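S.K.: Letter by letter, the chains look like this.
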Amino acid sequence: MGDAQVLDTTRGLADLHGLWRIRILEEKVRELRLSGEIVGSVHLAIGQEAGPVGVCTELGADDAVFATYRGHGWALARGVPADAMLAELAGRTTGLNGGRGGSAYFTAPRYGFHGENSIVGAGAPIAVGAALAGKYDGSGRIAVTVFGDGALNQGATHEALNFAAAFKLGVVFVCENNLYSELTPIADMVAEPELHKRAAAYGMPGERVDGNDPAAVRDAARRAVERARAGEGPTLLELMTERLVGHYIGDAEQYRPPGEVERAKQAEPIVRLRAALAAAGVTDADLDASESRAREEIEQAAGTALAAPIADGATAKEHIYA
Amino acid sequence: MPEATTTAPAPAALSLKYGEAINAALVRLLTEVPETLLYGEDVAKPGGVFGVTRGLRRRFGDRVFDTPISESAILGSAIGAALMGRRPIVEIMWADFSLVALDQLVNQAANARYVSRGEAPAPIVVRTQQGNAPGACAQHSQSLEALFLHVPGLRVVMPWTAQDGYDALLAAGHSDDPVIVIENRTLYAGEKTEVRIDGSPRPAGWTTVRRPGRDVTVATWGAITARVLAAAERLAADGLEVEVVELTWLNPLDLTAVLDSLGRTGRLAVVHEANVTGGFGAEVLARVAESGVPLSTAPVRIGTPDSRIPAAPSLAEALVPSVDAIAAQLTKLVQEKP
Ligand SMILES: Cc1ncc(C[n+]2csc(CCOP(=O)(O)OP(=O)(O)O)c2C)c(N)n1
Numbered sequence: 001m002g003d004a005q006v007l008d009t010t011r012g013l014a015d016l017h018g019l020w021r022i023r024i025l026e027e028k029v030r031e032l033r034l035s036g037e038i039v040g041s042v043h044l045a046i047g048q049e050a051g052p053v054g055v056c057t058e059l060g061a062d063d064a065v066f067a068t069y070r071g072h073g074w075a076l077a078r079g080v081p082a083d084a085m086l087a088e089l090a091g092r093t094t095g096l097n098g099g100r101g102g103s104a105y106f107t108a109p110r111y112g113f114h115g116e117n118s119i120v121g122a123g124a125p126i127a128v129g130a131a132l133a134g135k136y137d138g139s140g141r142i143a144v145t146v147f148g149d150g151a152l153n154q155g156a157t158h159e160a161l162n163f164a165a166a167f168k169l170g171v172v173f174v175c176e177n178n179l180y181s182e183l184t185p186i187a188d189m190v191a192e193p194e195l196h197k198r199a200a201a202y203g204m205p206g207e208r209v210d211g212n213d214p215a216a217v218r219d220a221a222r223r224a225v226e227r228a229r230a231g232e233g234p235t236l237l238e239l240m241t242e243r244l245v246g247h248y249i250g251d252a253e254q255y256r257p258p259g260e261v262e263r264a265k266q267a268e269p270i271v272r273l274r275a276a277l278a279a280a281g282v283t284d285a286d287l288d289a290s291e292s293r294a295r296e297e298i299e300q301a302a303g304t305a306l307a308a309p310i311a312d313g314a315t316a317k318e319h320i321y322a
Numbered sequence: 001m002p003e004a005t006t007t008a009p010a011p012a013a014l015s016l017k018y019g020e021a022i023n024a025a026l027v028r029l030l031t032e033v034p035e036t037l038l039y040g041e042d043v044a045k046p047g048g049v050f051g052v053t054r055g056l057r058r059r060f061g062d063r064v065f066d067t068p069i070s071e072s073a074i075l076g077s078a079i080g081a082a083l084m085g086r087r088p089i090v091e092i093m094w095a096d097f098s099l100v101a102l103d104q105l106v107n108q109a110a111n112a113r114y115v116s117r118g119e120a121p122a123p124i125v126v127r128t129q130q131g132n133a134p135g136a137c138a139q140h141s142q143s144l145e146a147l148f149l150h151v152p153g154l155r156v157v158m159p160w161t162a163q164d165g166y167d168a169l170l171a172a173g174h175s176d177d178p179v180i181v182i183e184n185r186t187l188y189a190g191e192k193t194e195v196r197i198d199g200s201p202r203p204a205g206w207t208t209v210r211r212p213g214r215d216v217t218v219a220t221w222g223a224i225t226a227r228v229l230a231a232a233e234r235l236a237a238d239g240l241e242v243e244v245v246e247l248t249w250l251n252p253l254d255l256t257a258v259l260d261s262l263g264r265t266g267r268l269a270v271v272h273e274a275n276v277t278g279g280f281g282a283e284v285l286a287r288v289a290e291s292g293v294p295l296s297t298a299p300v301r302i303g304t305p306d307s308r309i310p311a312a313p314s315l316a317e318a319l320v321p322s323v324d325a326i327a328a329q330l331t332k333l334v335q336e337k338p
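Read top to bottom, the protein sequences are chains A and B.
Residue numbers for the first sequence follow UniProt numbering, beginning at 1 and rising by one.
Residue numbers for the second sequence follow UniProt numbering, beginning at 1 and rising by one.
If you are wondering where the hints come from, they were derived from the structure by calculation, not from laboratory data.
Quantities reported herein were computed from a predicted structural model and do not represent experimental measurements.
Think of the CB as a built atom: it goes at the ideal place given N, C-alpha and C, for glycine as much as any other residue.
Hints may contain errors.
With the Cβ distance kept under 8 angstroms, some of the chain A side facing chain B (calculated, not the full set) [what the hints assert, rightly or not]:
#	residue
1	Gly40
2	Ser41
3	Thr94
4	Ser118
5	Tyr136
6	Gly150
7	Ala316
Start from the sequences and build out the full structure, keeping to the hints where you can.
M.R.: As structure tokens, then:
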């Protein structure tokens with residue numbers, strides 16, 4: 001940020017489109033949750049779209065992404081089709097997992113998306129294993145594990161960081177620091193709020209990144225991915241971002257100080273990138289087209305998803321054992 | 001009724017929801033037992049994700065506090081504080097999350113009294129909630145009481161009514177053993193009922209006959225008691241009388257109440273929301289069998305079939321025992337030839 005670099009407008013427009021796809025998907029999810037087509041706990045990442053957009057363009061098809069319950073955007077950025085994802089959330093037969101996973105726990109390994117996780121911190125050790133396998137299977141695979149600031153306080157995450165560092169495994173630890181762990185500010189729960197500094201203690205690079213700028217995220221991700229591919233070991237990236245919505249749909253957000261969300265809206269990725277592209281000479285027509293293409297895709301996906309039948313209870317016991 | 005006291009003019013009964021009743025018990029413990037500490041993720045300033053601990057931070061200051069998302073440290077620190085004479089009540093937000101810190105429960109808390117020959121007990125209270133609600137994911141739906149009940153040294157209570165919620169918390173807070181209080185989040189949104197909030201703590205281990213009947217005894221616990229009672233109500237219309245025995249405490253277990261009931265009915269079903277295999281229902285059946293009390297038909301276990309729990313409501317509903325399924329199985333049981 002603030003760098004005098006000339007904005008690559010082609011790349012920037014592609015990023016804007018990527019941001020819009022996630023934003024509109026999540027707005028659709030919210031709409032369907034409020035109308036009752038989707039039930040239960042749903043965690044949106046509105047405002048946090050630059051992370052997945054910036055990181056996923058650096059990954060290959062064999063690389064493995066492990067996300068959390070706030071993972072819709074990461075799945076979409078990995079290429080998971082929106083209709084199958086929406087069908088999953090709405091408990092349809094055509095859902096990615098036939099309705100078994102739902103919003104918080106779906107998985108789409110064919111797309112290099114190896115699952116959301118609803119247990120805070122649980123994804124990190126699993127990602128370590130995916131990278132470990134990459135050492136033996138000749139795939140050159142690296143693994144990305146995405147988690148929140150709060151997850152850095154889990155024992156499992158500490159163990160994963162050390163394990164990956166000790167064995168120089170190709171893991172990119174992506175911490176999306178949105179300043180809150182559920183309803184509690186991270187600043188109240190750690191003595192050192194610069195979470196990336198923990199990396200040094202494990203013997204790996206740690207970097208704090210403007211997590212609302214897809215280009216900045218991409219640059220940092222590229223360094224981490226190159227390092228991982230070269231067998232030099234893991235990196236911890238701390239993406240600074242803010243969610244523009246509650247922890248879950250229905251969260252009254254009483255814990256957020258007045259004005260905070262309004263301020264965050266000035267710095268959110270879409271507003272910023274759009275302004276930067278306009279300043280670099282991209283026309284309104286091109287900017288609008290990137291949004292409307294995304295909107296069309298998601299509308300169509302929702303139509304397809306909701307047209308499918310509700311998951312059949314008679315199949316509920318399938319897939320427990322081989 | 002307890003005798004009137006000269007000091008506290010608190011009303012003897014309040015109209016409270018389930019979660020409010022638990023809040024009232026926490027207020028009483030924090031007031032009457034100065035060693036009490038209350039902590040966990042989001043419990044203090046936010047007042048708990050279900051609002052159960054609302055207002056306690058303001059009222060009791062730093063004896064009520066929020067923690068990092070660190071279940072091992074929450075449980076372990078509670079044990080350590082208990083060893084030094086505090087009375088910690090900690091929240092594990094979902095029972096599923098206790099699994100990331102099982103060492104502290106199983107290897108540490110449960111062993112403390114035993115290996116010290118009673119010199120260094122770790123009386124902690126762990127409040128948690130479990131069960132299935134529509135759209136919960138597979139990691140937020142499990143019924144795990146049997147896991148805890150397999151561990152000698154841990155006590156487990158699963159209150160269903162607001163009164164039992166109040167009484168259970170109070171008993172747990174005064175217990176000298178580690179007690180796991182398992183609530184159910186589908187109960188928090190329930191109706192207000194009259195809750196007696198004075199009187200001395202009820203000794204652990206109570207059981208309640210929720211409905212008398214002569215044809216079959218159902219032993220049940222937790223939120224699914226509501227479905228059992230609904231099934232019993234329906235069957236009563238067909239002239240089949242189900243006696244419903246709710247086991248609020250699973251450890252200590254009041255087996256006598258079940259055996260007494262079986263003396264009247266001669267038939268037994270257990271109903272729980274947890275998976276059948278290795279469920280606590282198996283234990284109840286085994287103890288009844290060991291008791292030698294004669295049954296006129298083979299007993300049955302009704303629970304969630306041995307499955308993971310899916311997110312889609314249409315799938316989950318097909319698994320968790322419904323009122324229909326419970327009624328059908330009870331009918332079959334009674335119609336079997338003695
Ligand atoms: C082991 C465990 N403990 C607690 C929870 C409840 N919980 C769900 S999300 C959350 C907050 C996580 O915060 P953070 O890691 O910062 O991620 P964010 O939600 O901000 O993306 C908590 C405490 C859980 N799911 N798993």
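S.K.: None of the hints should be skipped; say for each whether it holds.
M.R.: Structure-based check of each hint:
With 8 angstroms as the threshold, the beta carbon of A:Gly40 comes within range of chain B, its nearest partner Cβ sitting at about 2 angstroms, so the hint holds. Because the smallest distance between the Cβ of A:Ser41 and any Cβ of chain B comes to about 7 angstroms, under 8 angstroms, the interface hint for this residue holds. The beta carbon of A:Thr94 is not positioned within 8 angstroms of any beta carbon in chain B (closest approach about 12 angstroms), and the interface hint is therefore violated. The restraint placing A:Ser118 at the interface with chain B holds, with a minimum CB-CB distance near 4 angstroms, inside the 8 angstroms limit.
A least Cβ separation of about 28 angstroms between A:Tyr136 and chain B goes past the 8 angstroms threshold, and the interface hint is therefore violated. With a least beta-carbon distance of about 4 angstroms to chain B, the hint placing A:Gly150 at the interface is held under the 8 angstroms criterion. Below 8 angstroms, beta-carbon pairs count as interface contacts, and A:Ala316 has one with chain B at about 4 angstroms; its hint therefore holds.
Consistency with the previously given hints fails for numbers 3 and 5, ordered from lowest to highest.
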